Amino acid sequence: MNKPLTLFGLWILLSITPIRAQSTTGTRGLVKTPTARMFEDGTLALGAAFIPPGYHKRTSGAGLPKGTVVPNAGLNTFITINLFPFMEIMFRYSHEINLPVTPITQYFPDRMFTARFKLLNETKKWPAVVLGMQDVVAFFDTNAAGGGSAPNFASTYLVATKNFNYKGFNIDTTLGYGSDIGDIPAKEFRGLFGGLEITTPYLEDTQLLLDYDATYINIGVQKQFFKRLHTMVSYYPNYQKVGWVLAYRYKMY
Amino acid sequence: MRNLILTLLLITASANLQAQCDLITPLKNEGFENLIQTNEDGELQLHYENRRYRFEGLALQKVLEIIADTPCLSNSITLIIYNKGIPVTEIGTTKALIDDLISGTITAKEFTSSSSFDFTTKKKPKEKTTQSSYLKSDLAVGARTDYLLGNFDNPIRWTPMLLPSLQSTIARGTQINTTFGVVLYDDLYNWETSRFRYAFASHNGRLPGGIFTRLSAGYFEQTQYGIEGHATKFFFGDQLRFDLNLSLTENRFLDPPPGRRAIDKNHFSYGFKATYRYTPWTTDLSIHYGRYIFDDTGYTLLLQRQFNEVFIGFFMREVDQQIVGSFGTLYDRNYGFQFTVPIGTKKHLKPHYIRPKTDEQYTLDYNYTGGVSIGRRIFAPGTVIAELEEYYPSTLQRALESLFKGR
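Line by line, the protein sequences are chains E and G. One point on numbering: in our numbering, the residue at position 15 of the first sequence is 15, and numbering is uninterrupted. Plus 1000 on top of the position in the second sequence (first one is 1) and you've got our numbering.
Just chain G, same shape as in the assembly (with noise of 0.2 Å):
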């Protein structure tokens, strides 16, 4: 009788410490949103997708605190974390880790090196999601500076813009982008207008075997117009991966500056990328062959260092097209550098129908040698293939590491 009655005590005082174990109210409160809980054989499983910090190594640092401050009984934890619906990554630990991560026990390079960190296998579970993120939307804005050195009449000309957008995520995996430019000033075109840069929709997905998918039409940057795929797959965590792009457009305006028409038909380009990642530096060596949006066939070799959300590359491009620089001097390959800096705030206003917002990145090219309509590919911002290295085990790892770095 008095081993039943005990029983009984500890299965309610397990129970309640269930119970207490809500991550799911205080995530929602801080404006995480498609939060699935899971309890199962003992473990705790967390998915959750961030719009609300601009960096997702902030994000997953906000995410800790609050688990460690709720009180669970299940020590193994595994958090998931997703994009546009889509689960990316995956990071195993305990609530034990945790919480000596948080109370400054151990260091984050103690932590990362005895939590599991990798790209998720997992899918999205059948329970009903809290805080969904579709049908919301973001009116960003974001900057872009066009520009060309390297003339005696007007040594920097140069067109800077501010880039409007409205981005939605209207299903899982789905979403639409459309980027307005509007020019502040042009001495390097002298006949650009304010209009349209992105107009298109895009659904990612995750293949079976962890190859993510994308899949767009509209309109892009660089006035293409039509259909584009992408598809991405890792091997060794984060430290190859393997890109394979299509695309199939024609030239031109979506809404045409006065006086100007740019058409061409059928263009397809397409490209290979190998990519290998030195992680303890998060630093990529990529190489990509293929056919470039504007016919040209070649190659470029890049080297690019992460340092959080800052990206600083390296490049050398060469193609079968002849690359003119300044003052009219003929190269033979094109060198250059890129960066990526954040802009705007931290953290953004919560999710919702409609958030203002500014946008997350800029990104300004330098090509040393000329060359700049050359090596010239689609992209697709916003979509889980170009926000992946955000995601990427060894960056959120790294990320960790310095956000706690003297605590």
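Bound-form chain E, shown alone (with noise of 0.2 Å):
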């Protein structure tokens, strides 16, 4: 028997909770893409992500241009809050593992601010919507552009989604469109995004995530044990590779 398959399947089956989705930005989402959903108020979760290799991409540092695919591995390491019911905010370090900080790499893990608003609840008729601005901090550093915070996730755009039932199955539908805002390039989810989170009837504590993120599509299942820990296996069917995210939730009220 497949060993991985096996841990695979206890994990699976170990579920106890129902469970809500931490895409490996931070924010909350699908497998990577942002979603309009939110926690309640004064949510507050601690945690990680594990970008495969061939997937992360150089942030800084000498060689190779920022924006580049490299062999290493990622690690996003974050903190969420729900600071207001209609807000969110993320601070995230990503790390290029395997890659030490010297002056001869010129490497630094890059450190990204996130904000997404609440614009509408979702009602009968309408989806709820949310308003993100990813790697926030190009918006009020005037010397971004040549300073060690230039933006390497800035991302603006507007999300939406929409819950459907049928046959017992509960999905939650999300599309969304990120773009260039005055002179910050989006550098993530640039153009239309969108995808599905799916809870059946038969495991209602496990769900199934399916996204487009503008540029790849991900595929991840999650699980939530004790309330509060939160875990999600991620799969890259364009490199074939596996990712995971590990998150603490905490609420603070």
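None of these hints come from the bench; they were simulated from the model. As the structure is a prediction and not an experimental result, all values here were calculated from the model. One should not assume that every hint holds.
Once the Cα atoms are required to be at most 27 Å apart in a straight line, the calculated DSSO-like pairs of lysine-lysine come out as [as the list claims (entries may be wrong)]:
no.	chain 1	residue 1	chain 2	residue 2
1	G	Lys1124	G	Lys1233
2	G	Lys1233	E	Lys251
3	G	Lys1405	E	Lys251
4	E	Lys162	E	Lys187
5	G	Lys1062	G	Lys1122
6	G	Lys1405	E	Lys118
7	G	Lys1136	G	Lys1347
8	E	Lys251	G	Lys1346
9	E	Lys227	G	Lys1347
10	G	Lys1109	E	Lys251
11	G	Lys1347	E	Lys251
12	G	Lys1357	E	Lys118
13	G	Lys1357	E	Lys251
14	G	Lys1109	E	Lys227
15	E	Lys227	G	Lys1357
16	E	Lys241	E	Lys118
17	G	Lys1405	E	Lys227
Now that you have both chains on their own, put them together as the hints suggest.
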């Protein structure tokens, strides 16, 4: 028996509580794409996402230009907070694994700040709508272009999410659009993106995630343990690689 | 004759019920201090100070539970909450509401909207207090982390330290705080040693008109040696707050590390701060303008949300000095965030002449665009003004709503 498959099966079977998506970017979302869902007011999530080799991009350093896909894996470590009922913020460090910080590499992990604002709550007819500003420092930092904080993951997007029920299947559908804003080019989610979060009537605690992040298609399965520990295994068909997300979630109120 | 007997019986029964309404004993047993209970015109007043529970909201929950467990005739109840012997907050409610809250008949939201929460204008009654908090000392241990990011030779330079402290309330409003920093590791300063961080005495007061005041003298963090004063006034409950701070210090060590000397004289700093609190979200928007302790003049904008004991804030500073960030990058403004989280046990040992305990909060600032040495102010930890947010009417209301949630 394949050991990884056995472990994967065990992980599915051990799930005991309802789950909610936390994307590899650190905000609420699907595998990678953001959704218009938000956690409850006062929720804090502390976590890490493993980005497999061949998928992670260089953010700084000598040698390769920024944005080049590197053979090293990446690790996004993040803290996400629903500061207000309508606002989610996220601070993230993106590390390139196996690339030390030295004067020779000139590499330093990328830090990024994201703010998301709920514009509309979901109604019977209309979807929830969120405005996302990813790597938001570009909006404030007048020296960003020349300094060490040039945005690597900037993106401004509008995303809508609507929930449907069909024969016991719960389907959360998401569609969004990201673009450049002024002088700030979108580095991620440029154009149309979207995806599905599917809960089956057979495994209510398990959700299947499928998304298109405006560049690639990603697949994932997620679980939450003890109402606080969130896990997701992601699969990237283009590179046939596997990643994961592990996050601890805590309600401050 | 029959009426007279009935009247006498009623008076006796009433006296018995009043006698049964002893809140002092259970509160004393629980470790509450500066306790006074008065009964006047059918109104029960209970004055208490909490040093047992880390969070005032938790302490209030316990007090309400004790009141619910105590049979009292008086329906009208006023709680006056103290800090360092100074009356700070007042809650007006009824025994019936407290009973309903504890039994789950009503929600905490219904309780808080039917009761009154405000800063108190009441003075301490003349009655003798039970279990005084004076001349008792806490030996607390806290933690602090100084750090700097952004250097290729050493990407994270940091100096973690433990902060053992001795804190005592000497008399009403008067306290001392001596804090020593035990350096665990230092690759940030490369000269830092274990030394005194604070050694100051403060007098806290509340002037007529509800103005909270503080006057401190001694040695403060950031090697500031001198005196400081602070006044705080609230309007519309806790919705609008004005602060004025003044300090006259010199820059020097109390116990200098080997080979280091820091002396400059007559260093005057001041500041005005206006804060608006949006009470439903216990969120403060404030602006502070002034001259800071390292001779920089400017303003700090802060948006801060309070989740009971957790504070998360985002700030922007602009001063008349150049702001240097990572890799020598120069910035016009300093952006960053700060958070404060509770540490240690939720419930401390009962206060005694000497009580070991864990410190209550851990604070960390993150300066996104440099600027660690700008916008600094004198901080006097453990004083009434420094701890006021825990006593805000809206904080206590929100705390009850979250503590009683799901009951």
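Hint check results:
1. Distance hint between G:Lys1124 and G:Lys1233 is fulfilled; the C-alpha atoms sit about 19 Å from each other, no more than 27 Å.
2. Pair hint G:Lys1233 plus E:Lys251 does not hold up; C-alpha atoms about 32 Å apart against a cutoff of 27 Å.
3. Restraint check for G:Lys1405 and E:Lys251: satisfied, since their Cα atoms lie roughly 13 Å apart, inside the 27 Å limit.
4. With a C-alpha separation of about 26 Å, the suggested pair E:Lys162 and E:Lys187 falls inside the 27 Å cut-off, and the hint holds.
5. Between G:Lys1062 and G:Lys1122, the direct Cα distance comes to roughly 23 Å. Compliance with the 27 Å bound is thereby established for this hinted pair.
6. A distance of roughly 25 Å separates the Cα atoms of G:Lys1405 and E:Lys118; the hinted pair therefore holds under the 27 Å criterion.
7. For the suggested pair G:Lys1136 and G:Lys1347, the alpha carbons sit about 17 Å apart, so the restraint of at most 27 Å is met.
8. Distance hint between E:Lys251 and G:Lys1346 is fulfilled; the C-alpha atoms sit about 17 Å from each other, no more than 27 Å.
9. Distance hint between E:Lys227 and G:Lys1347 is fulfilled; the C-alpha atoms sit about 25 Å from each other, no more than 27 Å.
10. Between G:Lys1109 and E:Lys251, the direct Cα distance comes to roughly 19 Å. Compliance with the 27 Å bound is thereby established for this hinted pair.
11. Taking the CA atoms of G:Lys1347 and E:Lys251, the gap is near 20 Å; set against the 27 Å cutoff, the hint holds.
12. Of the supplied pair hints, the one linking G:Lys1357 and E:Lys118 is violated, its CA atoms being roughly 42 Å apart against a limit of 27 Å.
13. With a CA separation close to 26 Å, the supplied pair G:Lys1357 and E:Lys251 stays within the 27 Å bound.
14. At roughly 25 Å between alpha-carbon atoms, G:Lys1109 and E:Lys227 fall within 27 Å of each other, so this suggested pair holds.
15. Pair hint E:Lys227 plus G:Lys1357 does not hold up; C-alpha atoms about 31 Å apart against a cutoff of 27 Å.
16. Simply put, E:Lys241 and E:Lys118 have alpha-carbon atoms about 33 Å apart, too far for the 27 Å limit, and the pair is violated.
17. Distance restraint check for G:Lys1405 and E:Lys227: the Cα-Cα separation of roughly 17 Å lies within the 27 Å cut-off, and the hinted pair is therefore satisfied.
In summary, the numbered hints that this structure violates are 2, 12, 15 and 16.
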